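Engineer: Order-wise, the sequence lines are chains C and S. Per UniProt numbering, the first sequence starts with residue 1, numbered consecutively. Per UniProt numbering, the second sequence starts with residue 1, numbered consecutively.
Honestly, the hints are just simulated from the structure, not real lab data. Heads up, some of the hints might be wrong.
The list treats identical chains as one, so a pair stands whether inside a single copy or across any two.
[As the list claims (entries may be wrong)] Straight-line distance between alpha carbons at most 25 Å, and here's what the computed SDA-like set of lysine to any residue pairs gives:
1. Lys142 to His336
2. Lys164 to Gly318
3. Lys164 to Asp281
4. Lys142 to Gln335
5. Lys142 to Arg277
6. Lys164 to Ser132
7. Lys142 to Glu229
Just so we're clear, the structure is a prediction, and the values are computed from it rather than from any experiment.
There are 2 protein chains.
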Amino acid sequence: MTVTADETAQPALAAGAHPTPCLVIDVDVAREQYQRIADAFAGAHIHYAVKANPEPPLLRALVAAGCRFDVASRAEIDLCLAAGASPGDLSYGHPIKKAEDIAYAYARGVRLFAFDSEGELDKIVNHAPGSSVMCRVLASSKGARWPLSRKFGCVPEMAVDLMKVAALRGLDPAGIAFHVGSQQLYPERWEPSVATAASIFAALRGSGVDLRVLNAGGGFPVSYRTPVEPITSYASAIRSAVMRHFGQDAPSLMIEPGRYVAAPAGVLHTQVVLVARKSYDDEPRWVYLDVGRFGGLAETEEEAIQYELRTARDGPTGPVILAGPTCDSVDILYQHAPYDLPLDLAAGEEIRILGTGAYTATYSSVGFNGLPPLRTVIR
Amino acid sequence: MTVTADETAQPALAAGAHPTPCLVIDVDVAREQYQRIADAFAGAHIHYAVKANPEPPLLRALVAAGCRFDVASRAEIDLCLAAGASPGDLSYGHPIKKAEDIAYAYARGVRLFAFDSEGELDKIVNHAPGSSVMCRVLASSKGARWPLSRKFGCVPEMAVDLMKVAALRGLDPAGIAFHVGSQQLYPERWEPSVATAASIFAALRGSGVDLRVLNAGGGFPVSYRTPVEPITSYASAIRSAVMRHFGQDAPSLMIEPGRYVAAPAGVLHTQVVLVARKSYDDEPRWVYLDVGRFGGLAETEEEAIQYELRTARDGPTGPVILAGPTCDSVDILYQHAPYDLPLDLAAGEEIRILGTGAYTATYSSVGFNGLPPLRTVIR
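All chains should be built: construct the whole structure from the sequences, respecting the hints.
Structural biologist: Here it is as structure tokens:
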């Protein structure tokens with residue numbers, strides 16, 4: 001749910017000005033993040049992963065800045081086109097699509113699709129004839145805070161075979177895609193997949209199929225409670241790996257940042273609903289917020305993403321367990337990760353959760369416990 | 001999202017008649033389940049846990065059948081009152097509430113509230129003066145498929161103290177509540193908490209505070225892939241435990257079934273988006289459905305709830321890994337639990353997921369990956 005322009009003037013952002021919970025997005029920050037990653041990866045095609053945050057003003061700012069887009073559904077295609085993107089700048093990067101959604105994308109001018117299986121390739125042949133395709137290969141996401149499983153990506157031998165089939169069936173075999181896992185902390189984790197991709201390029205060249213695009217995916221991390229390396233470290237590591245494994249035949253590089261662009265642009269305003277001790281022992285206090293795992297903080301599952309919290313005031317602090325507002329007992333944010341909040345914290349106080357611009361509002365449940373979805377305000 | 005009456009005629013329920021994914025609710029089944037549990041617990045107050053499924057036609061049917069309600073938010077109060085419930089039949093059973101939500105409930109005539117901490121008791125004193133209160137005590141949820149943590153419930157000593165405070169501050173100390181965890185399979189798991197409650201009743205009687213209500217919560221299980229004992233087993237076990245621990249001074253019994261009433265009433269119609277092998281090894285096929293963890297099947301987290309699947313046809317089957325339609329790699333339904341589906345299963349085929357009437361549609365994300373929330377159709 002987005003709020004209209006009237007409510008977005010900066011003066012309204014004083015503490016308590018928004019009914020909580022509320023996600024405040026600063027589009028300028030996202031634009032700066034885009035510029036930072038575009039500079040670091042100069043010459044690469046940057047496709048913003050719309051699923052991270054599809055707010056129209058954010059998309060419009062990125063269109064204006066020259067960004068391209070990675071989309072996962074019809075709705076995301078419509079949002080990008082409405083924001084002024086050209087269909088030629090869209091990549092339908094989700095390897096699992098309904099046939100009718102491929103046809104929908106094709107009818108709107110999208111000509112770049114990802115796949116990772118024979119069944120999906122069939123659908124693209126039938127519903128997006130002549131389009132360019134990228135085959136996604138399985139990559140290790142070791143070291144990622146939000147790792148990927150074997151859900152996406154085929155083995156390299158299969159990628160070689162499927163790209164030959166793609167060429168035979170009239171598609172344009174553009175390149176190889178992989179993803180090393182979201183919030184991937186280690187720059188060196190891209191190299192094994194770059195090497196794999198290079199071997200696939202080489203194998204196909206032997207069969208007369210010339211690939212030209214290396215899609216190194218997303219995963220570029222942002223600083224939550226722990227600082228991460230600057231984006232230039234990741235760019236250098238990937239560029240070195242490409243040089244090492246591709247040599248003189250360097251492919252065009254494509255990346256799909258989502259979190260990196262959107263996360264720092266968001267601050268979630270939440271309110272303490274209750275501070276409680278449930279026994280007389282000296283245990284941490286339970287602090288219940290009005291936002292939780294089902295209200296937008298889905299990535300706190302297993303405490304994977306540990307957001308930075310800010311209270312309005314200083315003073316002595318003590319350990320807390322942080323929980324969301326629903327009746328569901330899995331709706332606990334942090335009980336193992338150490339969090340400290342003021343000793344005199346009380347119900348009604350506002351807390352700000354930083355770095356919440358990506359993978360939050362759209363995850364919010366439509367109405368569990370009768371609670372409305374997380375509202376977004378654009379500043 | 002609910003569809004209007006025109007679309008709900010039975011003939012429309014033939015396979016493929018609904019765009020998938022779609023949750024079809026049969027209100028008659030919920031009414032029968034209500035009658036079954038009301039018969040088993042004859043004399044008890046049955047408060048349907050609205051969070052399980054708040055669809056208005058379901059609530060109206062339950063009002064007509066004489067059911068009471070357990071609510072967790074303003075919106076659930078409004079839904080119950082709109083369905084014809086009397087505010088006196090509502091229990092605001094969620095122990096964590098904003099002060100303004102307590103005031104809202106009180107203004108609409110709700111007079112029964114739960115709490116489990118001093119801070120919450122303060123809010124009830126201030127915003128719902130004179131109301132009846134239940135103190136929730138910590139219970140073991142060992143044996144539950146969707147166990148509860150230490151998020152709710154205080155220790156018994158604290159419950160004794162807080163109920164004395166409640167009486168002193170003008171509230172009506174009605175009783176003790178506990179919850180042994182959702183989809184609790186073992187009838188004997190209620191007894192330890194009944195014993196705890198009895199000791200609290202006894203301790204307070206010594207101080208001149210006479211409690212009268214034992215709220216044994218919900219948790220009553222339904223058969224998913226594995227049959228569970230009939231509801232009469234749980235009723236007998238609880239009744240015996242009450243007799244054993246309360247003797248002649250049996251309290252009024254109150255229960256809060258949600259899943260038991262609503263789960264069997266729902267069938268989720270979903271479609272296969274893709275069947276894929278990602279390597280040439282003999283591994284299970286990956287089957288991607290158009291509904292997943294973020295589209296309503298949140299309770300498949302850690303494969304806790306294992307739903308029964310139905311395909312339209314028979315024939316030889318083989319093992320599959322089941323995943324949802326989003327780009328998120330945690331959106332996998334079952335990769336450890338053994339599931340088998342037809343060997344020739346193909347994209348576009350419909351699969352029905354049984355027992356999905358509770359804790360599904362309201363958990364659905366508002367738009368992750370640009371996918372719309374799960375639609376409900378009432379038959």
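Engineer: With reference to the structure, classify each hint as holding or not holding.
Structural biologist: Here is what the structure says about each hint:
1. Lys142 to His336: both (21 Å within a copy, 20 Å between copies)
2. Lys164 to Gly318: neither (61 Å within a copy, 29 Å between copies)
3. Lys164 to Asp281: Between copies only: 20 Å across chains, 67 Å inside a chain, cut-off 25 Å.
4. Lys142 to Gln335: both (24 Å within a copy, 19 Å between copies)
5. Lys142 to Arg277: between (38 Å within a copy, 22 Å between copies)
6. Lys164 to Ser132: This pair counts as within: shortest intra-copy Cα distance 13 Å, inter-copy 73 Å.
7. Lys142 to Glu229: Classified as within: same-chain Cα gap 17 Å, cross-chain 43 Å, threshold 25 Å.
Going through the hint list in order, the structure does not satisfy hint 2, though it satisfies all others.
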